[in-house]
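Each chain, letter by letter, is given below.
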Amino acid sequence: MPQYGFHYDAARCTGCKTCEAACRDYHDLPIDITYRHVYEMEGGSFSKDANGCWVTDSFTYYVSFACQHCDHPACTKVCPTGAMHKDDQGFVSVNTERCIGCGYCAMSCPYNAPTVDRSLGHSVKCDGCKDRVAQGQNPICVDACTQRAITFGLVEDLAPSDSRADVAPLPDPALTGPNLYIVSCDAYRPHGDSSVHVANKPEVK
Amino acid sequence: MSQSASMTRRSFMKAAGATGALAAVGASAGTLFSPAPDAAHAEPEDKVVYQHCAVDCGGQCVLKMHIKDGELAYVESDTSGDSGFGEGFQPRACLRGRSIRQWLNGPDRLNYPMKRVEGTKRGDGQYERISWDEAIDLIASEFTRIVSTYGNEAVYCQECSGIEQNYMTRTPIRRLFNLCGGQIDRYGSYSSASITFGVYPYVYGKSGWGARSFKTLQEGELVVMFGNAPSDTRMSGDGAGYDLNVAREQKHVRIISIDPRRSEVCANEGAEWIPIKPGTDGALVAGIAHELIVSDLVDLDFLHTYCVGFDDETLPEGAEPNTSYRAYVMGDGYDHVEKTPAWASAITLIPEARIVQLAHEIAAADPCFICQGWGPQRRTNGDSGSRAIMILPLLVGQVGKPGTNSGGREGNNGYDPDDLSMSSGDNPVKAKFPLFLWPEVIKNGDKLTAENAGIQGADKLTCGIKMMVNFGNNTMAGQGADINKTTEILKDESLCEFIVSYDVNFTDSCNYADLILPDLAVQETYSMTTQGDCNDTKGIWMGDPIGEPKYERREVYEVFGEVAKKLGVYDEYSAGGLSREGWRRKVYDDFREKHSELPTYDEAVAQGAVKEGYPADAGIDPYFDDPEANPLKTETGKIQIYSPKLAEYAATWTLPEGDAIYPVPVYVPGYDGPESATDEYPLQLTGFHTKGTVHSTYACNEVLHKMSEPSVWINPIDAAERSISDGDEVAVTSAQGELRTKAKVTNRVMPGVLAMGQGYWHKADMAGDKVDHGGCLNTLTSLHPNTISKGTGQHSVLAQISKAGA
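Those sequence lines, one after another, are chains E and S. Okay, so the first sequence: first residue is 1 according to my numbering, each after it adds one. Okay, so the second sequence: first residue is 1 according to my numbering, each after it adds one.
Take these hints with a grain of salt, some might be off.
The calculated lysine-lysine pairs, modelled on DSS-like cross-linking and capped at a C-alpha distance of 30 Å, are [claimed, not checked]:
#: 1; chain 1: S; residue 1: Lys430; chain 2: S; residue 2: Lys460
#: 2; chain 1: E; residue 1: Lys48; chain 2: S; residue 2: Lys803
#: 3; chain 1: S; residue 1: Lys742; chain 2: E; residue 2: Lys48
#: 4; chain 1: S; residue 1: Lys432; chain 2: S; residue 2: Lys566
#: 5; chain 1: S; residue 1: Lys645; chain 2: S; residue 2: Lys447
#: 6; chain 1: S; residue 1: Lys460; chain 2: S; residue 2: Lys432
#: 7; chain 1: S; residue 1: Lys491; chain 2: S; residue 2: Lys121
#: 8; chain 1: E; residue 1: Lys201; chain 2: S; residue 2: Lys706
#: 9; chain 1: S; residue 1: Lys47; chain 2: S; residue 2: Lys763
#: 10; chain 1: S; residue 1: Lys645; chain 2: S; residue 2: Lys432
#: 11; chain 1: S; residue 1: Lys706; chain 2: S; residue 2: Lys742
#: 12; chain 1: S; residue 1: Lys645; chain 2: S; residue 2: Lys460
#: 13; chain 1: S; residue 1: Lys633; chain 2: S; residue 2: Lys432
#: 14; chain 1: S; residue 1: Lys586; chain 2: S; residue 2: Lys550
#: 15; chain 1: S; residue 1: Lys206; chain 2: S; residue 2: Lys432
#: 16; chain 1: E; residue 1: Lys201; chain 2: S; residue 2: Lys742
#: 17; chain 1: S; residue 1: Lys770; chain 2: S; residue 2: Lys485
#: 18; chain 1: S; residue 1: Lys550; chain 2: S; residue 2: Lys485
#: 19; chain 1: S; residue 1: Lys491; chain 2: S; residue 2: Lys430
#: 20; chain 1: S; residue 1: Lys68; chain 2: S; residue 2: Lys550
#: 21; chain 1: S; residue 1: Lys706; chain 2: E; residue 2: Lys205
#: 22; chain 1: E; residue 1: Lys201; chain 2: S; residue 2: Lys803
#: 23; chain 1: E; residue 1: Lys205; chain 2: E; residue 2: Lys48
#: 24; chain 1: S; residue 1: Lys803; chain 2: E; residue 2: Lys205
#: 25; chain 1: S; residue 1: Lys645; chain 2: S; residue 2: Lys430
#: 26; chain 1: S; residue 1: Lys763; chain 2: E; residue 2: Lys205
#: 27; chain 1: S; residue 1: Lys742; chain 2: E; residue 2: Lys205
#: 28; chain 1: E; residue 1: Lys201; chain 2: S; residue 2: Lys763
#: 29; chain 1: S; residue 1: Lys121; chain 2: S; residue 2: Lys485
#: 30; chain 1: S; residue 1: Lys491; chain 2: S; residue 2: Lys706
Not the full set, but computed from the structure, chain S residues with beta-carbon under 10 Å of chain E [to be verified]:
#: 31; residue: Cys266
#: 32; residue: Lys485
#: 33; residue: Glu738
#: 34; residue: Arg740
For the record, the hints were derived by calculation from the structure and aren't laboratory data. The beta carbon of each residue, even a glycine, is placed where N, CA and C say it ideally should be.
Sequences are here, hints too, so could you generate the full structure?
Spelled out as structure tokens, the structure:
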């Protein structure tokens, strides 16, 4: 079975959310559902020096991700009907006829990839733009990125020096084997680092 | 528009049926778990139409509109040619362009001409539908009446910074008025009036002189940016943010950002952020200059050869002794205070050691690229602060050489959009006013002179604005300063007698119009534009209508053609009956005569995006080969650290109390500036460009609100003092008004400073408490202009914040 993955050059990312916007537009998503997430993370603080001037050790970084189409997806394990499955192209997909909308997948996924669209009555998620991929195109988010920070392909073709996503707020990559490979940037903190917090909660919830 | 939320059984069956098609191309086979095709794209497309964003971010990115069943289904951007980072030239649209479908189909669209209900007042928001015939009659008759009563100087077509970057838009109205005796004109913009009209002319004699793009950066060099956030403000895939990002990765440039706010370039890209108290750039530069002088690091050869006024040795004739910049910095002149780094530190709140280090870093860097955005000049002391930044690279001889910049904004080259535009003709009225003063021109037009209001082309104005056409702008109750005061002026019908709003959406500004006209969006008609007037690329984008006009929306050229018929000038207006598309062909063909590299018109239309490549370097100005033989257009012919003209203005102009002009860039705090905080308004509030809007365009798009929530940024230290938590509803007040928005508690803004994205639409009960609930920054800004340029000082606001209802 082939395995596709996303590659993300974090140092190039400006947090602009064009990837998310393009995804929302192409998949015609309702406003409260997004397949791609851009987290703004923040740490550090300001303090006054002896002369009343401001010094800071604060930092900010962005992490953009969709479904990682994991090697060992959490969502497929908990799906009671088998609707959530890894298809023969390696994409984690929803069989909408089987899905009963129970939401276990949404609860189990550490990346918040699946969501139950209550108006449809079943789970929805990033499908890797498989219709585009089948036609030899990239997922819509990849070609949208103004900074060419996101690429996509068979994992064996992705840059070998890059590692699986290990950055807060994402979980330990050992959990599910995410097919998200990252070139890190200086500000990044590893998974579980408690010195950073999500700075744009209303935008990602 | 089929939303997935309302997917019907029929569309589901179509989606299911398409599984076979996907299987047929070999992507998957018919197992029980075969992938469900994307429902949104199961049906074949009708066509792909090239269009572009037509807004004022400087980008003008290409949009490829995918049409299905006659409706826009989704948007792509340019995907042609090489897409590699730093190799490809793809004007990729940002999140705003990619969300244009919701905007085009939004609930705020205007559909019919409307006039204010008789007996109601401006601001009441009571409108009734009328016919286009009645609307056109009304424009023609009011124009005739006002011109015959007051003269053509009483007629004004308001600036629109967005859709005018297009071969046609806005010019039809101006063209018609010019054919009928003319109109009062303005100079400057809300974007860059101060640096363009209050700084560049007095330093280099010409706006943009010496500026280079980030594409010209050299291996390993230092980039120092003041109030410049290219990854926020130039977001296009061929924009300045991209160029700087490429240079960071591929040329290993080091970036320092001096800004009250941590902009995007200081996030993942890793630029160093030096937080600075807003409006104190002039003090920082003076402190750096002091360190350079006492450390013998100034480039005296450069200063004495190419510049006047650094020290008394090169002061121009007639200048008083001890009026040089060096005399100011060393305490020999002006206020006789030595501008040590410690002095600058106390004003800027940047630690003294960092200022000293910065001076040495700048002196050691060769080349060094020093630039500023348009934030510093958009303060009430912007003329002096921006000019101080501009002279910093001169002190170390870092202007003119490869890898350097003018100290102004980074430069760009490419096709000039003004050259690819229908002409608006000659305006018989010669008087011009500084744009920012338009409410004052309405109120006190006949009192405004060259000396008290920067009137150009005439000594004074003869009357106020009596007819104002707002085309494609939300200035009246949105983008202009001090909405509460401005709308009071607009409500007085004895001042401006006839106001038209002609727009795509029903903005709050429309509520002050007597006549509202529904426009087609640029994407719904014929368009043509250049690569974006802030991009260092070269291209022409064609746009065809994405569909038939809906409701009674009509585009401006045709509508003002109808007015031209009433006024008897249609033949001249339309150059013998040209259609909007006919003008596109004519303008393109005329342009192509001077640009033989371009394809034919028909080829260009078929191509959609005509990309001619990267201009990159502007070369070295001949001034540096021989300054005597190639003088600049300044008063002295040289680069001016000291401007004789400003010395003259200081003596002759009438200025508001507290404002001052100096021949060298003396630090002045300015009105409502860094030294004016009170117990009532202890915080400085500054606007910034958010990714969720382009000024007020797209600001009604709820998808963009979701991705970039309107908010006020507040440092955790200030928030804690007020018991404000992240996400709290807060009240922000200034002497001008009050608004409600959400607090974003973040270390991305320094303590003592609030920051708000500008552009969100004003939403207030103007007959009641006038409290804005739209998060519209201009509820709080003031009408106090800059001193020299009379440009906007909207970033100078003193404010207070509290939990709403507390």
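To see whether the hints hold, each was checked on the structure:
1. Between Lys430 of chain S and Lys460 of chain S the alpha-carbon distance is near 11 Å, which keeps this suggested pair within the 30 Å criterion.
2. Proposed proximity of Lys48 of chain E and Lys803 of chain S is supported: the alpha carbons are some 25 Å apart, at most 30 Å.
3. About 27 Å separates the Cα atoms of Lys742 of chain S and Lys48 of chain E, which keeps this hinted pair within 30 Å; it holds.
4. Between Lys432 of chain S and Lys566 of chain S, the direct Cα distance comes to roughly 27 Å. Compliance with the 30 Å bound is thereby established for this hinted pair.
5. Restraint check: the Cα-Cα separation between Lys645 of chain S and Lys447 of chain S comes to about 24 Å, which is no more than 30 Å; the hinted pair holds.
6. For the given pair, Lys460 of chain S sits about 9 Å from Lys432 of chain S by alpha-carbon distance, which is consistent with the 30 Å threshold.
7. Using a Cα cut-off of 30 Å, the hinted pair Lys491 of chain S and Lys121 of chain S holds, with the two alpha carbons roughly 7 Å apart.
8. A distance of roughly 11 Å separates the Cα atoms of Lys201 of chain E and Lys706 of chain S; the hinted pair therefore holds under the 30 Å criterion.
9. Proposed proximity of Lys47 of chain S and Lys763 of chain S is contradicted: the alpha carbons are some 39 Å apart, above 30 Å.
10. For the hint pairing Lys645 of chain S with Lys432 of chain S, the CA-to-CA distance comes to about 20 Å; that is within 30 Å, so the pair holds.
11. Between Lys706 of chain S and Lys742 of chain S the CA atoms are separated by roughly 13 Å; this keeps the pair inside 30 Å, and the hint holds.
12. Note on Lys645 of chain S and Lys460 of chain S: the hinted pairing holds, with a Cα-Cα distance of about 20 Å set against a maximum of 30 Å.
13. Between Lys633 of chain S and Lys432 of chain S the alpha-carbon distance is near 21 Å, which keeps this suggested pair within the 30 Å criterion.
14. With a CA separation close to 27 Å, the supplied pair Lys586 of chain S and Lys550 of chain S stays within the 30 Å bound.
15. At most 30 Å may separate the alpha-carbon atoms for a hinted pair to count; Lys206 of chain S and Lys432 of chain S meet this at roughly 19 Å.
16. Taking the CA atoms of Lys201 of chain E and Lys742 of chain S, the gap is about 12 Å. The hint holds against a cut of 30 Å.
17. Among the hinted pairs, Lys770 of chain S with Lys485 of chain S is consistent with the structure: their alpha-carbon atoms are about 11 Å apart, no more than 30 Å.
18. Simply put, Lys550 of chain S and Lys485 of chain S have alpha-carbon atoms about 36 Å apart, too far for the 30 Å limit, and the pair is violated.
19. Straight-line distance between C-alpha atoms of Lys491 of chain S and Lys430 of chain S comes to about 28 Å, which keeps the hinted pair within the 30 Å bound.
20. Between the alpha carbons of Lys68 of chain S and Lys550 of chain S the distance comes to roughly 16 Å, so the proposed pair stays at or under 30 Å and holds.
21. For the proposed pair Lys706 of chain S and Lys205 of chain E, the alpha carbon gap of about 10 Å is at most 30 Å, so the pair holds.
22. This hinted pair checks out: Lys201 of chain E and Lys803 of chain S have alpha carbons roughly 19 Å apart, not beyond 30 Å.
23. Of the supplied pair hints, the one linking Lys205 of chain E and Lys48 of chain E is violated, its CA atoms being roughly 34 Å apart against a limit of 30 Å.
24. Of the pairs offered as hints, the one joining Lys803 of chain S and Lys205 of chain E holds, with about 23 Å between alpha carbons and a cut-off of 30 Å not exceeded.
25. Distance check on the hinted pair: Lys645 of chain S and Lys430 of chain S sit about 22 Å apart at the alpha-carbon level, within 30 Å; holds.
26. In summary, the hint linking Lys763 of chain S to Lys205 of chain E is supported, as the alpha carbons are separated by about 26 Å, within the 30 Å threshold.
27. For the given pair, Lys742 of chain S sits about 16 Å from Lys205 of chain E by alpha-carbon distance, which is consistent with the 30 Å threshold.
28. Restraint check for Lys201 of chain E and Lys763 of chain S: the C-alpha separation of about 25 Å stays at or below 30 Å, so the hint holds.
29. Under the criterion of a C-alpha separation no larger than 30 Å, the hint pairing Lys121 of chain S with Lys485 of chain S is consistent with the structure, at around 16 Å.
30. Taking the CA atoms of Lys491 of chain S and Lys706 of chain S, the gap is about 34 Å. The hint is violated against a cut of 30 Å.
31. Taking 10 Å as the C-beta contact cut-off toward chain E, the hint placing Cys266 of chain S at the interface holds, the least distance being around 7 Å.
32. Checking Lys485 of chain S against chain E: minimum C-beta separation of about 32 Å lies over 10 Å; hint violated.
33. The beta carbon of Glu738 of chain S is not positioned within 10 Å of any beta carbon in chain E (closest approach about 22 Å), and the interface hint is therefore violated.
34. Taking 10 Å as the C-beta contact cut-off toward chain E, the hint placing Arg740 of chain S at the interface is violated, the least distance being around 16 Å.
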